[in-house]
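Trainee: Position chain B against the provided structure of chain A, taking the given hints into account.
Chains as they are written, first to last, in the numbering used here: chain A, 1 to 119; chain B, 120 to 354.
Among the clues, some could well be false.
[What the hints assert, rightly or not] Derived list of chain B stretches under chain A, where covered just means 3 residues or more per stretch with a C-beta under 8 Å from a C-beta of chain A:
1. 153 to 163
2. 219 to 225
[Claimed, not checked] Chain B is faced by these chain A residues, among others (derived, beta-carbon under 7 Å):
3. 25
4. 65
5. 72
6. 83
[Stated by the list, open to error] Computed list of lysine-lysine pairs in PhoX-like fashion (alpha-carbon distance at most 25 Å, straight line):
7. B:255 to A:77
8. A:87 to A:39
9. B:325 to B:238
10. A:110 to B:255
11. B:325 to A:105
12. A:31 to A:112
13. A:105 to B:149
14. A:31 to B:325
15. B:255 to A:47
16. A:49 to B:149
These aren't lab readings, by the way, just hints derived from the structure by calculation.
For glycine and all other residues, C-beta sits at the position ideal for the given N, C-alpha and C.
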Amino acid sequence: MLRLLVLILLVNSVACDELFAATAEYKIQLKGHLFYPSKIEIPAGQKVKLIIQNMDDTPEEFDSFSLNREKVLFPNKQSFIYIGPLKPGIYDFFGEYNPNSAQGKVIVVKQKQGEPNVN
Amino acid sequence: MKTVYHLATLLVLIYINMSVSWADGTPVDKVYHPYVLANERELEWRFTSRQNDDGNVLMQKFAYGHALSEYLTIEGYIVGERDEVGDFGLHGYEIEARWMLTDQGELWADWGTLLEIAKEQGSDNFELTTGVLFEKEFTRTSLTLNALLVYEWGKNIQDEFETEFRLKYRYRYTPAFQPAIEVYTGEDFVGIGPAFMGIQRYQGQKQLKWEMAFIAGLNGDAKDHTLRFALEYEF
Chain A
1 MLRLLVLILL
11 VNSVACDELF
21 AATAEYKIQL
31 KGHLFYPSKI
41 EIPAGQKVKL
51 IIQNMDDTPE
61 EFDSFSLNRE
71 KVLFPNKQSF
81 IYIGPLKPGI
91 YDFFGEYNPN
101 SAQGKVIVVK
111 QKQGEPNVN
Chain B
120 MKTVYHLATL
130 LVLIYINMSV
140 SWADGTPVDK
150 VYHPYVLANE
160 RELEWRFTSR
170 QNDDGNVLMQ
180 KFAYGHALSE
190 YLTIEGYIVG
200 ERDEVGDFGL
210 HGYEIEARWM
220 LTDQGELWAD
230 WGTLLEIAKE
240 QGSDNFELTT
250 GVLFEKEFTR
260 TSLTLNALLV
270 YEWGKNIQDE
280 FETEFRLKYR
290 YRYTPAFQPA
300 IEVYTGEDFV
310 GIGPAFMGIQ
320 RYQGQKQLKW
330 EMAFIAGLNG
340 DAKDHTLRFA
350 LEYEF
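If we strip away everything but chain A, and leave its shape as in the complex, we get (with noise of 0.2 Å):
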């Protein structure tokens, strides 16, 4: 039991000093299964979050191997992924359910001294 209490008082001390981090936020809006804007580029070296919006009637989900994230995306509702500290690079993503037309990129690139991070 007292190891299952230091446990969680571990688990604690690591998720504490990250919930008060500000993350970036990046919109992107899924609509007749196109993702909008289909490129969204992002800070290399730091955690943003994606929130998307998905306007269709039908569910997707989003899904990158490179990113190494799949998330369902509900219909008619707001869903957000984290993603980074990435590598300056191109990151792709598709939505399953739609894999022709649902596609999109995050282009990772190095920011410039003094450049704001947020969208």
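Mentor: Same frame as chain A, now just chain B:
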């Protein structure tokens, strides 16, 4: 500095579990990820074949799983076992719940928890397992840890607490081929070996996942090898 602190915390977690591991049975099984995918249903077949100086023990599990929400999934198992004398039969039943505690990428690492209850066929022997599931991405690699606490009780066994520790370090090379290293500790057992996994996507949410690992026991001079294989059809 923060990364050093987090890694130190992780090492303490590993040490706590590795230093007191004494779980019964076949310690080699699946290394659980902390993630749940909404709407997901799955059929699963797993087997472990453990070969040591006493013979071969084959364990097979057939399961059906269903995500109840974005964060919670349950899975029911029927377990079959062939023992050292070659008899294969129904061994028991299990029901398991996995709860995703943090969204993937939200914190420094991803956390989940597991609760599983198992009953042995034909006897009133039970096993309750709970613990922490952890995963951390390092660019194209992922470190997954399971720190589990087990309580066994029943008419024919001694009531006792046990611990198990499982580790997988995976390289996401391609969706179809992802090599890994796995480590397991249990009762008088420490094992390590190569693992391979992959995924084949079909239309919509349909996909087939496979995993295979060959774990060599590091328990001394005695032979102790386990081959594990899992096939999951998600739909």
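Trainee: Indicate, hint by hint, whether the structure satisfies it.
Mentor: Outcome of the hint check:
Only residues whose C-beta sits within less than 8 Å of a C-beta in chain A count toward coverage, and the region 153 to 163 of chain B has 4 of them, enough to reach three; the restraint holds. With 5 residues carrying a beta carbon less than 8 Å from a beta carbon of chain A, the region 219 to 225 of chain B meets the three-residue requirement, and the given coverage holds. The interface hint given for residue 25 of chain A is broken, as the beta carbon of that residue sits about 13 Å from the closest beta carbon of chain B, more than 7 Å. Given hint, residue 65 of chain A at the interface with chain B, holds; its Cβ is 5 Å from that chain's nearest Cβ, closer than 7 Å.
Proximity of residue 72 of chain A to chain B holds as hinted, the smallest CB-CB distance being about 4 Å (cut-off 7 Å). Restraint check, residue 83 of chain A versus chain B: the minimum CB separation of about 6 Å is within 7 Å; hint holds. With a C-alpha separation of about 28 Å, the suggested pair residue 255 of chain B and residue 77 of chain A falls outside the 25 Å cut-off, and the hint is violated. Under the criterion of a C-alpha separation no larger than 25 Å, the hint pairing residue 87 of chain A with residue 39 of chain A is consistent with the structure, at around 17 Å.
Among the hinted pairs, residue 325 of chain B with residue 238 of chain B is inconsistent with the structure: their alpha-carbon atoms are about 31 Å apart, more than 25 Å. With a C-alpha separation of about 23 Å, the suggested pair residue 110 of chain A and residue 255 of chain B falls inside the 25 Å cut-off, and the hint holds. Between residue 325 of chain B and residue 105 of chain A, the direct Cα distance comes to roughly 23 Å. Compliance with the 25 Å bound is thereby established for this hinted pair. Proximity of residue 31 of chain A to residue 112 of chain A is assessed by CA-CA distance (about 33 Å); at most 25 Å being required, the pair is judged violated.
As the CA atoms of residue 105 of chain A and residue 149 of chain B are separated by approximately 33 Å, the hinted pair breaks the 25 Å bound. In summary, the hint linking residue 31 of chain A to residue 325 of chain B is supported, as the alpha carbons are separated by about 23 Å, within the 25 Å threshold. Restraint check: the Cα-Cα separation between residue 255 of chain B and residue 47 of chain A comes to about 14 Å, which is no more than 25 Å; the hinted pair holds. Of the supplied pair hints, the one linking residue 49 of chain A and residue 149 of chain B is violated, its CA atoms being roughly 31 Å apart against a limit of 25 Å.
When each numbered hint is compared with the structure, violations occur for hints 3, 7, 9, 12, 13, 16.
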